[in-house]
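Chain W: place on chain H using the hints.
Sequences listed follow chains H and W, in order.
Numbering of the first sequence is given in this note's numbering, commencing with residue 2 and proceeding in unit increments.
Numbering of the second sequence is given in this note's numbering, commencing with residue 2 and proceeding in unit increments.
I should point out that these hints are in silico values taken from the structure, not numbers from a laboratory.
Bear in mind the structure is a predicted one, so any value in this text is a computation, not a measurement.
Take the hints with a grain of salt, since some may be wrong.
As the list claims (entries may be wrong) - Result set (EDC-like, lysine to aspartate or glutamate): computed pairs, CA atoms no more than 16 Å apart in a straight line:
no.: 1; chain 1: H; residue 1: K439; chain 2: W; residue 2: E11
no.: 2; chain 1: H; residue 1: K12; chain 2: W; residue 2: E438
no.: 3; chain 1: W; residue 1: K155; chain 2: W; residue 2: E131
no.: 4; chain 1: H; residue 1: K315; chain 2: W; residue 2: E387
no.: 5; chain 1: W; residue 1: K318; chain 2: H; residue 2: E387
no.: 6; chain 1: W; residue 1: K12; chain 2: H; residue 2: D135
no.: 7; chain 1: W; residue 1: K439; chain 2: H; residue 2: E11
no.: 8; chain 1: W; residue 1: K439; chain 2: H; residue 2: D313
no.: 9; chain 1: W; residue 1: K262; chain 2: H; residue 2: E98
no.: 10; chain 1: H; residue 1: K152; chain 2: H; residue 2: E174
To be verified - Sample of chain H residues lacking proximity to chain W, with all beta carbon distances greater than 12 Å (derived):
no.: 11; residue: E21
no.: 12; residue: K28
no.: 13; residue: D41
no.: 14; residue: K152
no.: 15; residue: K171
no.: 16; residue: K262
no.: 17; residue: L276
no.: 18; residue: R303
no.: 19; residue: V312
no.: 20; residue: H354
no.: 21; residue: Y393
no.: 22; residue: I425
Ideal Cβ placement from N, Cα and C applies to all residues, glycine included.
Each chain, written out:
Number of protein chains: 2
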Amino acid sequence: MGKQFLEITEKKEVEELIAELSVKHAKKIAVDTEKVRLGDGEALGRIASTDIFSTLDIPPFDRATMDGYAVIASDTFYAAEDNPSLLIVNGYVQAGEFPSPSQYVEKGYCTGISTGAPLPKGANAVVKVENTSDYEEEEEEEENRNIKMVKIYKPVAPAEYIMFAGSDIKRGEKIVVKGTRLTPRETGVLAACGIREVEVRKKPSVAVISTGNELVAPGTQATTTLEPGKIYDVNAQTVCDSVREVCSGSGCVPLFLGVAKDNLEDLSAKLNESLAKGADVIIFSGGTSAGAGDLLPTAIERFGEILVHGVDIKPGKPFILGMVQGKPVFGLPGNPTSALVTFNLFVAPLLRHISGDYFYKGREEKQNLERRKKVKATAAVRIFSEKGRNEYVLVKVKVNLAKTKPAEKGNLLVYPILTGSGAITTLSSADGYIFVEKGKEIVEEGEEVEVEIFF
Amino acid sequence: MGKQFLEITEKKEVEELIAELSVKHAKKIAVDTEKVRLGDGEALGRIASTDIFSTLDIPPFDRATMDGYAVIASDTFYAAEDNPSLLIVNGYVQAGEFPSPSQYVEKGYCTGISTGAPLPKGANAVVKVENTSDYEEEEEEEENRNIKMVKIYKPVAPAEYIMFAGSDIKRGEKIVVKGTRLTPRETGVLAACGIREVEVRKKPSVAVISTGNELVAPGTQATTTLEPGKIYDVNAQTVCDSVREVCSGSGCVPLFLGVAKDNLEDLSAKLNESLAKGADVIIFSGGTSAGAGDLLPTAIERFGEILVHGVDIKPGKPFILGMVQGKPVFGLPGNPTSALVTFNLFVAPLLRHISGDYFYKGREEKQNLERRKKVKATAAVRIFSEKGRNEYVLVKVKVNLAKTKPAEKGNLLVYPILTGSGAITTLSSADGYIFVEKGKEIVEEGEEVEVEIFF
Numbered sequence: 002m003g004k005q006f007l008e009i010t011e012k013k014e015v016e017e018l019i020a021e022l023s024v025k026h027a028k029k030i031a032v033d034t035e036k037v038r039l040g041d042g043e044a045l046g047r048i049a050s051t052d053i054f055s056t057l058d059i060p061p062f063d064r065a066t067m068d069g070y071a072v073i074a075s076d077t078f079y080a081a082e083d084n085p086s087l088l089i090v091n092g093y094v095q096a097g098e099f100p101s102p103s104q105y106v107e108k109g110y111c112t113g114i115s116t117g118a119p120l121p122k123g124a125n126a127v128v129k130v131e132n133t134s135d136y137e138e139e140e141e142e143e144e145n146r147n148i149k150m151v152k153i154y155k156p157v158a159p160a161e162y163i164m165f166a167g168s169d170i171k172r173g174e175k176i177v178v179k180g181t182r183l184t185p186r187e188t189g190v191l192a193a194c195g196i197r198e199v200e201v202r203k204k205p206s207v208a209v210i211s212t213g214n215e216l217v218a219p220g221t222q223a224t225t226t227l228e229p230g231k232i233y234d235v236n237a238q239t240v241c242d243s244v245r246e247v248c249s250g251s252g253c254v255p256l257f258l259g260v261a262k263d264n265l266e267d268l269s270a271k272l273n274e275s276l277a278k279g280a281d282v283i284i285f286s287g288g289t290s291a292g293a294g295d296l297l298p299t300a301i302e303r304f305g306e307i308l309v310h311g312v313d314i315k316p317g318k319p320f321i322l323g324m325v326q327g328k329p330v331f332g333l334p335g336n337p338t339s340a341l342v343t344f345n346l347f348v349a350p351l352l353r354h355i356s357g358d359y360f361y362k363g364r365e366e367k368q369n370l371e372r373r374k375k376v377k378a379t380a381a382v383r384i385f386s387e388k389g390r391n392e393y394v395l396v397k398v399k400v401n402l403a404k405t406k407p408a409e410k411g412n413l414l415v416y417p418i419l420t421g422s423g424a425i426t427t428l429s430s431a432d433g434y435i436f437v438e439k440g441k442e443i444v445e446e447g448e449e450v451e452v453e454i455f456f
Numbered sequence: 002m003g004k005q006f007l008e009i010t011e012k013k014e015v016e017e018l019i020a021e022l023s024v025k026h027a028k029k030i031a032v033d034t035e036k037v038r039l040g041d042g043e044a045l046g047r048i049a050s051t052d053i054f055s056t057l058d059i060p061p062f063d064r065a066t067m068d069g070y071a072v073i074a075s076d077t078f079y080a081a082e083d084n085p086s087l088l089i090v091n092g093y094v095q096a097g098e099f100p101s102p103s104q105y106v107e108k109g110y111c112t113g114i115s116t117g118a119p120l121p122k123g124a125n126a127v128v129k130v131e132n133t134s135d136y137e138e139e140e141e142e143e144e145n146r147n148i149k150m151v152k153i154y155k156p157v158a159p160a161e162y163i164m165f166a167g168s169d170i171k172r173g174e175k176i177v178v179k180g181t182r183l184t185p186r187e188t189g190v191l192a193a194c195g196i197r198e199v200e201v202r203k204k205p206s207v208a209v210i211s212t213g214n215e216l217v218a219p220g221t222q223a224t225t226t227l228e229p230g231k232i233y234d235v236n237a238q239t240v241c242d243s244v245r246e247v248c249s250g251s252g253c254v255p256l257f258l259g260v261a262k263d264n265l266e267d268l269s270a271k272l273n274e275s276l277a278k279g280a281d282v283i284i285f286s287g288g289t290s291a292g293a294g295d296l297l298p299t300a301i302e303r304f305g306e307i308l309v310h311g312v313d314i315k316p317g318k319p320f321i322l323g324m325v326q327g328k329p330v331f332g333l334p335g336n337p338t339s340a341l342v343t344f345n346l347f348v349a350p351l352l353r354h355i356s357g358d359y360f361y362k363g364r365e366e367k368q369n370l371e372r373r374k375k376v377k378a379t380a381a382v383r384i385f386s387e388k389g390r391n392e393y394v395l396v397k398v399k400v401n402l403a404k405t406k407p408a409e410k411g412n413l414l415v416y417p418i419l420t421g422s423g424a425i426t427t428l429s430s431a432d433g434y435i436f437v438e439k440g441k442e443i444v445e446e447g448e449e450v451e452v453e454i455f456f
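The following block holds chain H by itself, in its conformation from the complex (with noise of 0.2 Å):
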């Protein structure tokens, strides 16, 4: 990194010494961190920067997943159609409400409960409403009068129609991975535990500067009084928004420093500022006057050190690339469409590396998926869709890296989501999904599907 480039240096060469930069400050930068609320929308597309842990069960109770009565499900054992269990009505809970303790379920008795509604103690099962009838009015022998009672017509297992406490996130299980790019599905993750404010990687802060006499800032000269030989500032609108548009999300930040004269003491003042403001990266933009080009290069020697100063590509050729204090430096041409085109080329993969993509779990694997994209997989194993229901089911995208079956190496490989759409965490452990026609209710292994990817 220490070889200094002075003559034009090929195109092919800058971009590896960027890729190669890239990694290196990545590194530098994965210290800085901040907290932001999940609240306003400020945490999504952020990396997390630490792993984030469950402080409660979900759900934090023995849950209902259907509206019926809570059972003990040895009483529904030999119900049938034409002989119903009978059982007393000892109350009804519906979704946030806590059981009382008189809704103890005993041998013979049941609870009421609505779908998402605490069990009641002594209940090991839910019988769904459809399944059940009230007891009628004619039936009833006088003692009873008082007491409500139902019909049970189907048996059900223990366990049936109930999510148990924990069952979805245990209490201290991790939720989101260090290096998580926050989406929605995370952040419905974390407001499911309660999680209000996450740290997350800051957004890389990049300084904005324009060089050039001539050079106004829009806006600080209204139009009719802008001086003779003056001309507003084009860059600074155009580097800061390309920077913003970079990576949105998890983007950078851009800082603008105003314009610097071509001269080597106010280039000079405007490196320093730039690194006492904390900068990552630093761009300067133009210096179109006579003998500027070499006025940058002569300011970041200053500092630090020249890695090119030329690229043998047009427009662009001018484009200068130095280091200070481990900060990169860039220097764009003046023109506008070249500072643009070496924008692109050569600051915004390293802007993209470093605003996130370097510390994105799976990236490796998943970098070339994109969102809202479909794509080719092979299902992994045999994968069930209900009969008669055009069904969307959740899947976690890999790529094959063994030379088995049944993909080809490098393929990539669909696992369904098993937890089903009650649970939370099905939301964060799917990558997408595909899509399963009414009629047909069996992928099989080694089908080939089309995924719609989520992230």
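Coordinates of chain W only, in the frame set by chain H:
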């Protein structure tokens, strides 16, 4: 549209209905606009709601495009390496300065000039500094001691190395067409014209309401005091973040209105609150208690109509779509995964449409082109590249609508932008660039090229 679907609707039918609704709804909310500042990046990605015109010439004055000497071209016509023209230097003008009255260039005189500096009156061309040399001291006559002179070794034609006032953008010229999505290229052009604020389409406001007696908004109760029977709301976070993510830049703004209880009064109140707060779209999720599935449709029918109640997909069967006072109202299932799947299938396409895609200039031609993607296209004309340079030629991309050559109908055609990298308008008229490698000087008409798309 007045048709009521009280039974399970087919997925395809729902998708068609939402596409129809998107178009209708997008037209209606197209009138809402707001002013945003360019400087802080607020304009980036937004859709211009008016045509925007330049209030000044760009460049504002005749401007040198090379370092050298401003001359009267005819004074150089007989200049040659072995017979230089000798001109008196009447001063210098740097970029950012304006020539003094004494810098009027008369026959036999010239003015030293730097790139970007205004051309002094009288001059009509610039000689590059490389084609000149200082007149040596030893050749000087006694009487010329205080007169600086320069030798010109090559003739220049009138207008050479000059960019004339208004040649890039004329005062009063349309610089942004209504409906354009503002990328860094457009914001750069606006900056060039000294524009600080633009009128853009408002981001659609999306009311988000969770329903369920058991739900607690994350952060409103500490984990340790989460009441028995309650759980933290997941969908508020997932839906709000998904709304934010749908269309970054010009996207939608979620407006979380809290948790509604599972009763008609609360649901109706939230519906009213959404409308009162100007929501363009309303999204409910959940309502998992007994019979809750019928409450939202009832509330919607109090104020408007139900279009869909149930879709033949899994998960997501209980999906609801209604219209209230011209605003789409979505009812997503309460299970987080079902909510996310139905959001992606039915809500996201509508939000994408009304948040900008619909208004995007050239969307029909370019809707399949994605930012930073490489696409294959055909050179519509012969494209020249500089000898011995790796050149990035900025191009405009059009869909070939004719049946004639050089490409098949429907293929993409590229046209080079000929204004050069110094022109501001090169930026906003280019859709991307093609790379012409060193050694290749001509891309023939009809030749296949790869375009890297900017937007």
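Right, here's what the structure says about each hint:
{"no.": "1", "hint": "H:K439 - W:E11", "verdict": "holds (11 Å)"}
{"no.": "2", "hint": "H:K12 - W:E438", "verdict": "holds (11 Å)"}
{"no.": "3", "hint": "W:K155 - W:E131", "verdict": "holds (10 Å)"}
{"no.": "4", "hint": "H:K315 - W:E387", "verdict": "holds (8 Å)"}
{"no.": "5", "hint": "W:K318 - H:E387", "verdict": "holds (13 Å)"}
{"no.": "6", "hint": "W:K12 - H:D135", "verdict": "violated (36 Å)"}
{"no.": "7", "hint": "W:K439 - H:E11", "verdict": "holds (11 Å)"}
{"no.": "8", "hint": "W:K439 - H:D313", "verdict": "holds (9 Å)"}
{"no.": "9", "hint": "W:K262 - H:E98", "verdict": "holds (12 Å)"}
{"no.": "10", "hint": "H:K152 - H:E174", "verdict": "violated (41 Å)"}
{"no.": "11", "hint": "E21", "verdict": "holds (21 Å)"}
{"no.": "12", "hint": "K28", "verdict": "holds (25 Å)"}
{"no.": "13", "hint": "D41", "verdict": "violated (9 Å)"}
{"no.": "14", "hint": "K152", "verdict": "holds (18 Å)"}
{"no.": "15", "hint": "K171", "verdict": "holds (14 Å)"}
{"no.": "16", "hint": "K262", "verdict": "violated (8 Å)"}
{"no.": "17", "hint": "L276", "verdict": "holds (23 Å)"}
{"no.": "18", "hint": "R303", "verdict": "holds (23 Å)"}
{"no.": "19", "hint": "V312", "verdict": "violated (8 Å)"}
{"no.": "20", "hint": "H354", "verdict": "holds (15 Å)"}
{"no.": "21", "hint": "Y393", "verdict": "violated (5 Å)"}
{"no.": "22", "hint": "I425", "verdict": "violated (6 Å)"}
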